[in-house]
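**Q** Under the UniProt record's numbering, the final residue of the sequence shown carries the number 320; numbering is consecutive throughout.
None of these hints come from the bench; they were simulated from the model.
Mixed in with the good hints there might be a few duds.
[Said to hold, decoys possible] Estimated spans, in silico, between C-beta atoms of each pair:
#1 152 to 236: 16 to 22 angstroms
#2 135 to 269: 22 to 28 angstroms
#3 152 to 277: 47 to 53 angstroms
#4 211 to 59: 31 to 37 angstroms
#5 211 to 247: 52 to 58 angstroms
#6 223 to 177: 36 to 42 angstroms
#7 269 to 9: 36 to 42 angstroms
Beta carbons: idealized from backbone N, C-alpha and C, even for Gly.
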Amino acid sequence: MKNAIYLATSHDCAANLAGEAYLLTLAFDHILFLWVNDPCIVIGRYQNPFAECNLKNMEHMQVQLVRRQSGGGAVYHDQGNLCFTLIGNKETATKEENFSLVLKALASLGLSCELSGRNDILLDGKKISGNAFQTTPTKFCHHGTLLVSSDLSVMSNYLTPSSTKLASKAVKSVSSRVGNLKEGREDITNEMVQQALIDAFIAEYGQTEVTPIDCVTLAEAQANYRRFGDLSVILEKTPQFTHSFTHRFEWGEATLHLQVEKGVISEVRMFTDALDTSIVGRATQVLTGLPYDHNALTELARKSEQADLASLLMHVVTLL
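Construct the complete structure from the given sequences, taking the supplied hints into account.
**A** As structure tokens, then:
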């Protein structure tokens, strides 16, 4: 069998996913790809980032937003998390075989983990690995996370949206109790888990050389980068959704419904008991066609010379 092991030297998640897409085109029977990312949020192929993430906090802390091509929910990555990808032939590769390999690798480190029904791997009841899958005409791709020593305390800063009521047909993430492998073995490191996966892969498929790969400079990955890491592309692929809220202002109570398509407000509906009913037309006029974006709405509110409209816009900003 013709097999390969690639070890990423790059930590840009979008570049690494673009590199993974390139590896899917190579003529190997089995590939193991190991990669570690700088802080980022990775959402599934059919997810709505506005419903899954606090984009304002992410922008402030320079946490990258990335959309992968596989399904599943939103996850937080940092350098305490080791990502793995197993690529095999579509007709023969199975997730069961892949999970067995990962569990053997963890067992070799003295970690007794188990597979849960949601394609997660648990350690003492806590999720230490989430997994997602993608199929091409010829390949089966299984990639997952392994939380080794990740800073779990910051996850809620980025994975909890602040919007009041946001209705979307996009796939929602499933909340889970998460933990680190470090809780099961205090001295564990990314390098130890990485080597255990390499050893398990070689034991299963035969001696294979480990090849470093820098996906940031890899031409094939660079050509595909925007697909995973360009915010405009990510938002364009966001399913249509509506954001609704009711709030009492000094000038009256208002209920606002915003329909958003490809990251842009496409329709505005407003109901209010305000004495100046022109607020409905004015809000509809300025909001329709505006990017559903914290900065765009803040700038519009700042420039508004109409007190009632400015207060409405600033309230929308607080909900993003």
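**Q** A separate judgement is required for each hint: does it hold in the structure or not?
**A** Status of the hints after comparison with the structure:
1. In this structure the supplied range 16 to 22 angstroms is violated for residue 152 paired with residue 236, their Cβ-Cβ distance being about 31 angstroms.
2. Here the CB-CB span from residue 135 to residue 269 is close to 40 angstroms, at odds with the stated 22 to 28 angstroms.
3. For residue 152 and residue 277, the hinted distance range of 47 to 53 angstroms is satisfied, since their beta carbons lie about 49 angstroms from each other.
4. The beta-carbon spacing between residue 211 and residue 59, approximately 35 angstroms, falls within the hinted interval of 31 to 37 angstroms.
5. Range check, residue 211 to residue 247: about 56 angstroms between beta-carbon atoms, so the 52 to 58 angstroms window is met.
6. Checked against the given bound of 36 to 42 angstroms, the beta carbons of residue 223 and residue 177, roughly 40 angstroms apart, stay inside it.
7. Checking the proposed 36 to 42 angstroms range against residue 269 and residue 9 shows it is violated: the Cβ atoms sit about 51 angstroms from each other.
When held up to the earlier numbered hints, the structure conflicts with 1, 2, 7 and fits the remainder.
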